[in-house]
Structure formats: C-alpha cells, structure tokens
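Each chain, written out:
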Amino acid sequence: MITSFKGKRVSSMLGILPETIGNFDDEVDNYSFPAKQTMRLKKIMGYNQHRLAKETSTVSDFAVYGLNYMLDNEWIKKEEIGAVVTVTLCPDYFVPHISNIVQAECDLDTDVICFDIAQGCSGFLVGLMQSFMLLEHMEDKKIVLINGDVLSHKVSKQDRNDFPLIGDGCSITILENGGEDEIYYEMHTDGKRGDALIIPAGAFRKPSTPETGAMQDQGDGNFRSLDNLHMDGSGVFNFVQTEVPPMFKDVFEREGKNIDDFDWFLLHQPNRFMLQKLAEKSGLPTEKLPMNLVENYGNLSGASIPFTAIYNCKEELLSKKNMCCLSAFGSGLTWGVMFMNIGELDYCEIIESKF
Amino acid sequence: MSEKEKIVLLEETFDVEEGALNADMQLEDIEEYDSMTKLSLIVMMEEEFGKVLTSEEIKGFKTIGDILNYME
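For the protein sequence lines, the chains are A and B, in the order given. For the first sequence, our numbering gives the first residue as 1, with consecutive numbering after it. For the second sequence, our numbering gives the first residue as 1, with consecutive numbering after it.
Errors might be hidden in some of the hints.
[What the hints assert, rightly or not] For lysine-lysine, the following DSS-like pairs were computed, each having C-alpha atoms within a straight-line distance of at most 30 Å:
{"no.": "1", "chain 1": "A", "residue 1": "K42", "chain 2": "B", "residue 2": "K51"}
{"no.": "2", "chain 1": "A", "residue 1": "K36", "chain 2": "B", "residue 2": "K38"}
{"no.": "3", "chain 1": "B", "residue 1": "K51", "chain 2": "A", "residue 2": "K277"}
{"no.": "4", "chain 1": "B", "residue 1": "K4", "chain 2": "A", "residue 2": "K43"}
{"no.": "5", "chain 1": "B", "residue 1": "K4", "chain 2": "A", "residue 2": "K281"}
{"no.": "6", "chain 1": "B", "residue 1": "K51", "chain 2": "B", "residue 2": "K62"}
{"no.": "7", "chain 1": "A", "residue 1": "K320", "chain 2": "B", "residue 2": "K62"}
{"no.": "8", "chain 1": "B", "residue 1": "K62", "chain 2": "A", "residue 2": "K6"}
{"no.": "9", "chain 1": "A", "residue 1": "K277", "chain 2": "B", "residue 2": "K38"}
{"no.": "10", "chain 1": "B", "residue 1": "K38", "chain 2": "A", "residue 2": "K157"}
{"no.": "11", "chain 1": "B", "residue 1": "K59", "chain 2": "A", "residue 2": "K314"}
{"no.": "12", "chain 1": "A", "residue 1": "K157", "chain 2": "A", "residue 2": "K142"}
{"no.": "13", "chain 1": "B", "residue 1": "K4", "chain 2": "A", "residue 2": "K249"}
{"no.": "14", "chain 1": "B", "residue 1": "K62", "chain 2": "A", "residue 2": "K78"}
{"no.": "15", "chain 1": "B", "residue 1": "K59", "chain 2": "A", "residue 2": "K42"}
{"no.": "16", "chain 1": "B", "residue 1": "K59", "chain 2": "A", "residue 2": "K192"}
{"no.": "17", "chain 1": "B", "residue 1": "K62", "chain 2": "A", "residue 2": "K314"}
{"no.": "18", "chain 1": "A", "residue 1": "K43", "chain 2": "A", "residue 2": "K257"}
{"no.": "19", "chain 1": "A", "residue 1": "K157", "chain 2": "B", "residue 2": "K51"}
{"no.": "20", "chain 1": "B", "residue 1": "K4", "chain 2": "A", "residue 2": "K192"}
{"no.": "21", "chain 1": "A", "residue 1": "K281", "chain 2": "B", "residue 2": "K51"}
{"no.": "22", "chain 1": "A", "residue 1": "K154", "chain 2": "B", "residue 2": "K51"}
{"no.": "23", "chain 1": "B", "residue 1": "K62", "chain 2": "A", "residue 2": "K321"}
{"no.": "24", "chain 1": "A", "residue 1": "K206", "chain 2": "B", "residue 2": "K4"}
{"no.": "25", "chain 1": "B", "residue 1": "K4", "chain 2": "A", "residue 2": "K154"}
{"no.": "26", "chain 1": "A", "residue 1": "K6", "chain 2": "A", "residue 2": "K206"}
{"no.": "27", "chain 1": "A", "residue 1": "K249", "chain 2": "B", "residue 2": "K62"}
{"no.": "28", "chain 1": "A", "residue 1": "K277", "chain 2": "B", "residue 2": "K62"}
[As the list claims (entries may be wrong)] Derived list of chain B stretches under chain A, where covered just means 3 residues or more per stretch with a C-beta under 8 Å from a C-beta of chain A:
{"no.": "29", "region": "28 to 34"}
{"no.": "30", "region": "39 to 47"}
{"no.": "31", "region": "54 to 61"}
No wet-lab data here; the hints were simulated from the structure. Even for Gly, the Cβ is constructed at its ideal location relative to N, Cα and C.
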C-alpha cells in the first residue's frame, strides 16, 4: 500500500534500556563452534554488546517505567493522552494486552483508547501508520506509541545464528497533530515467506510441551528448541536484498527525490553486514545511514529505528527539522519506507531501567 | 572463469588459505562453512555471476564441487 499523511508530528522520543549488558566475547564459549571462527562474526556482523532483559522482565515493565518517566518529567500530561498503542511480539499475557496494563499501572483515564499490534522488525512504521490514522480522530489529544520486545527470552543461548544479534528494549514516541508537512508512506507484506522468521511453538497452533522445549542440534552446530525464535539467515538476507533496493529506486523516481534530499536514512538494524550490503545495492550514503545499533544494544526489533534515531541524531532532532527516510524490513515478511520531517522535538533521550 | 579461478574465489569467500579447498571436499567437513560464509557466498554469487543464490540451493550443496558447478 502507498499512501500519505499530513499535519502529524513526532513531539518526543524516549528509549528505555535493560540494565544487563551481554558481551559477545563472553558468549563465544556458549557456542559449539571454534572460538576463532566465531570471532570472525564480531567484525563482519558488528557484534559486540547487546542489552538483555532480566528473566522476569516484560515489555510492560519497560513501558510503564518509561511512561512514568515522561509523566514525572512533564514530557506529557495524563490528560493529554488520547491513546496508547503498543507494537510488540512479546505480550506479557495472551490477555490482557500490554497497552491495558500500561493504562492501569500509569493510572490513565478510562477514556484512553488502548490496543496492541503484533509486529516485529517493521513495528515502528506500522505503529506510526496506526497512530497517524488515530490522530485524524483525536483533535488535540496525543498518541503514546510503545515499541518494545524482550525476544532474548525466546532465543537459545547456544544458537550462534540467532543469539548474538538479539537485543531487548522499548521506545516510547509521542505523536500529535500539528504542522503542514506531508508524510510519504509505503508498506508491503508477503505472508508466504513468513516462516523465514518464526517461533514455531508456544501459542495456540502448537502449545509448549516438554517436547517443544527440548534442545536439538540443528545439524549446523546450533542448538535450539521449537519454543525458540529462529531466523533463516540466508533467506532473510536474500529477501532484503531482493525487495528493498527496488523499493528505494521506485520511490525516489516516483516522488522525484534523491539522496541529497534527506538528512538521515534511519533503517531497521538487523546487523552491520546486511545494512552495508543494502546500502551498496541501493546507493544509499553510509555517512547518513547509521549502522551501529547492533554493536551497542543489539537488534531491538520494532524499537530499532527510534533507538537508532536517538542514539545517533539526538542533537539534530532537538535543534532542527530533519528530512528522514525511514525504512524497515523483516518478520512477516514485511518491508516499507517512509519520508517524514522529524525534528524540533520537545524531548529526546535514552535511559536505562533496572529491568 | 577457469576452475582454478573459481576455487581461488571460493577460498576468499570462505576466508581460508590458498590451496585449502578442492572440488571433492564435503562441505560438512569444512569448519569455516557456517552461516556467515553462506551469506558471503550469496553476495559473491550476485557480484561475480549475477545470480541470486537461495536458501534451498544452499541446502542442496554437499561438496565444493556442487558450488563450483553453480558458478557459471
């Protein structure tokens, strides 16, 4: 789908991190591969540190902590909130939803609309789309958009294919009506390739049992169970290299844009290797395209674009307007692109929680 | 491209020393043949041969010779 929005703005962005830092060097011995070979990944993929939620911590813990931080520091007032939208793959419970838990824990009004959307890598773009549509009916009320995941709970620590890149975290973006800027929006879905990123067991189709929890050698030296997240690395890489560069080419042609029209290319952060190859094939300028989230925090799923923005462009986002090209791709499978002016933010910060 | 040139290209892709690979070698016996090497293989095939190497095709490779046959 291709569409556009008008007169919507981001007013504040907050990133909330887990306290625990996992170091790639310390995890080398968890894997069945020779250490020298594993260390090769460090440089090429950009693995170094990743943030890991505590075993007992859930997305709502981070979201409640973050929203209370915003309320306490007067980033937003309770009575200004019209909706809480949470985008996650990691619900606290099947029922109730995280947005409802946040509404309760932060003691928000019962008039506040609360719902969750299940999306991973493209979660920020999907969350923005939903928030913009809601804002059409919100007048002066604001949207609290929560993007968070604690996927490390679902990844085997003995799986070198999936564990080194995963990171946990949560972002909260405040959106409101205002300004005259046009926003370009494009999103694609191909469910036929959805099993390239999957947690096979644990929901209704295949509930968790002792059998689904049994660790198995996958034949390639990685150990995981059916309860664990798995990404078909080469399948996802091919998908990104096949679908995303033509999307950029088409949208630049159609909209009469080129790379000089943008201050930043803020992309989902799967790993450094994939971003480099994507930038090369798409002709995107690496000096405007941060690729450093995975080495600092890990791949934060739907929160990776807001974290990339705050981590790399905080001063610019506070002081001036920035024409940003946002793009996400991954689980679903989904891929999308967006052009939006982001800047002159009221607040923009990354904080660490105790979770 | 000669068979020898192809082997050299594969040795660069696998990040192993010159002369380390030959057509008869079983991939499962090669320590360096991991997920990273498979991604490097995808990139090399596109850059050098203009071919999109799929996960299924990679799963079909059993020997270095199978990969050499694909490099055309």
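So, going through the hints one by one against the coordinates:
1. A:K42 to B:K51: Holds: A:K42 and B:K51 sit about 27 Å apart, inside 30 Å.
2. A:K36 to B:K38: The hint holds at about 17 Å.
3. B:K51 to A:K277: Since the Cα atoms of B:K51 and A:K277 sit roughly 15 Å apart, the hinted pair holds (cutoff 30 Å).
4. B:K4 to A:K43: 29 Å, holds
5. B:K4 to A:K281: 28 Å, holds
6. B:K51 to B:K62: 19 Å, holds
7. A:K320 to B:K62: The given pair, whose Cα atoms are some 55 Å apart, is violated under the 30 Å limit.
8. B:K62 to A:K6: This hinted pair is violated, its Cα atoms lying about 54 Å apart.
9. A:K277 to B:K38: 14 Å, holds
10. B:K38 to A:K157: 21 Å, holds
11. B:K59 to A:K314: Violated - the C-alpha atoms of A:K314 and B:K59 are around 44 Å apart, more than 30 Å.
12. A:K157 to A:K142: Since the Cα atoms of A:K157 and A:K142 sit roughly 40 Å apart, the hinted pair is violated (cutoff 30 Å).
13. B:K4 to A:K249: 37 Å, violated
14. B:K62 to A:K78: The given pair, whose Cα atoms are some 61 Å apart, is violated under the 30 Å limit.
15. B:K59 to A:K42: 25 Å, holds
16. B:K59 to A:K192: It holds: about 20 Å lies between the C-alpha atoms, which stays within 30 Å.
17. B:K62 to A:K314: 49 Å, violated
18. A:K43 to A:K257: Answer violated: A:K43 to A:K257 is near 34 Å, above 30 Å.
19. A:K157 to B:K51: 34 Å, violated
20. B:K4 to A:K192: 40 Å, violated
21. A:K281 to B:K51: Given that 30 Å is the threshold and the Cα spacing comes to 14 Å, the pair holds.
22. A:K154 to B:K51: 34 Å, violated
23. B:K62 to A:K321: 54 Å, violated
24. A:K206 to B:K4: 50 Å, violated
25. B:K4 to A:K154: 45 Å, violated
26. A:K6 to A:K206: 43 Å, violated
27. A:K249 to B:K62: 37 Å, violated
28. A:K277 to B:K62: 27 Å, holds
29. 28 to 34: Satisfied; 3 residues make the cut.
30. 39 to 47: With 4 residues in contact (Cβ-Cβ under 8 Å with chain A), the coverage given for the region 39 to 47 of chain B holds.
31. 54 to 61: holds (count 3)
Checked against the numbered hints listed earlier, the structure breaks hints 7, 8, 11, 12, 13, 14, 17, 18, 19, 20, 22, 23, 24, 25, 26, 27; every other hint is satisfied.
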